[in-house]
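Asks: Position 27 (the sequence shown) corresponds to 27 in UniProt numbering; numbering is contiguous.
Please note that a few of the clues may not be correct.
As the list claims (entries may be wrong) - Computed cross-link-like contacts, DSS-like style, restricted to lysine-lysine with a CA-CA straight-line distance of at most 25 angstroms:
#1 Lys159 to Lys227
#2 Lys226 to Lys159
#3 Lys226 to Lys236
What the hints assert, rightly or not - Per label pair, the in silico range of CB-to-CB distance:
#4 Glu368 to Ala195: 15 to 23 angstroms
#5 Glu283 to Pro237: 39 to 47 angstroms
#6 Gly311 to Leu365: 37 to 45 angstroms
#7 Gly335 to Arg220: 36 to 44 angstroms
The hints are simulated quantities; they were obtained by calculation from the structure and are not laboratory data.
In this text, a Cβ means the ideal position worked out from N, Cα and C, and glycines have one as well.
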Amino acid sequence: MSTSLPLLRIWDHMPDPFNSPFSDAEDDDQDSISEIKLLDLNDTSMHHPFEGDDMDETSVVGLSEEEEALFASRMASETERRAPRRVLDWRVIDAGEEAEEEAEEEAEEELVAGGVGVKEILGNAETDVANRFENVLYHDVLSSFILNQAPMVPEALIKHYHPSSLETLHTLTGASLPLFSTMHRIASLARQRRAKRGKRAGWSDEELMDVVTQARELERVLEDEKKRLDALVLAKPHVEAHRYLHEAFRTASLLQLHHLVLNEAPASLPIRLLVRQSLSLLEAMSDQDLPGLCSAHWVIFTTALCCVPGGQEAGEMDDRERVNIIYDHMLQDFGFLNVDRSRRIVHEVWSRDVGGDAHFDWLDLLEEYDWEIFVV
1 MSTSLPLLRI WDHMPDPFNS PFSDAEDDDQ DSISEIKLLD LNDTSMHHPF
51 EGDDMDETSV VGLSEEEEAL FASRMASETE RRAPRRVLDW RVIDAGEEAE
101 EEAEEEAEEE LVAGGVGVKE ILGNAETDVA NRFENVLYHD VLSSFILNQA
151 PMVPEALIKH YHPSSLETLH TLTGASLPLF STMHRIASLA RQRRAKRGKR
201 AGWSDEELMD VVTQARELER VLEDEKKRLD ALVLAKPHVE AHRYLHEAFR
251 TASLLQLHHL VLNEAPASLP IRLLVRQSLS LLEAMSDQDL PGLCSAHWVI
301 FTTALCCVPG GQEAGEMDDR ERVNIIYDHM LQDFGFLNVD RSRRIVHEVW
351 SRDVGGDAHF DWLDLLEEYD WEIFVV
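Construct all of the structure, not just a fragment, from the sequences and the given hints.
Replies: Pasting the structure below:
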């Protein structure tokens, strides 16, 4: 399938997360009985994304008749029950693969090797259930779906698994569950802002206060995340090399908060500072061959969207030139085809906001192209 064609959209076939068994997990004991087994179901689907439709998923995870009835009542159609698997089918399409059979084999090998799973590098690991949940949340927050449509994971389930301390880092994801949870909340505010565009009623004073207050609170949460990481590195020095990718994710989250929620233009000084900080982290990872650059696609993309031309010191490259070099390295070293697609989105955004003084929303461009993307 050519990457120039509109991307297939599968969101219409995804379950409504607010009508799923997860949405009442903290209120309904009956639902909570099936929570672990439903995560098992998702995990099974993710490890068998291309098997035939005769796969008996409920029997694989051992749902009782009562649990199966509950599951069927909440996810009534066969398509909905297979939604997690379709997400991974969609990832292959998103990569722009033309040879479907070869793409399926490669994707299955990736899954079996743990390329989509979470790889822990520290002790005191979370439970298997929490790790599988973190895997799903990872793909949720790095998708365009969560910004322009709806999340796959409801807020109630995130609160259930949200840890009180930072004890692990992950080489694949580049971050930790607390940071993923914050990214999920940022996406919620971004959807709220986008939903107000073009509405006759506009913003009430109370709504503005609510959004800005929540944004400032998330900014404080992200600052605290840096302190928690500093403490973790002091306690466990062997993770020092992995802190760069985590810090890059944290900085890109701040960028997304200022750009997509508070609607600040790329040429604003706060965003320019965050862009420079992110670029320095990415360049250090590339130049020093630090772990994690292969997982930094979302960071590169988020940073590139906010890069503006000019404004650099004499003899230095501007921010757009710097991020283009990072994109070159990413494509040359790893060859992920969705990286080429995200770069095309970035360059089109640049062409429509040449100086970075305006706020051009890249999600509008996706709607225009009828595209979606997983920035993983």
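Asks: It remains to establish, for every hint, whether it holds in the given structure.
Replies: Hints and how they fare:
1. Lys159 to Lys227: 21 angstroms, holds
2. Lys226 to Lys159: 21 angstroms, holds
3. Lys226 to Lys236: 15 angstroms, holds
4. Glu368 to Ala195: 15 to 23 angstroms: 18 angstroms, holds
5. Glu283 to Pro237: 39 to 47 angstroms: 23 angstroms, violated
6. Gly311 to Leu365: 37 to 45 angstroms: 24 angstroms, violated
7. Gly335 to Arg220: 36 to 44 angstroms: 39 angstroms, holds
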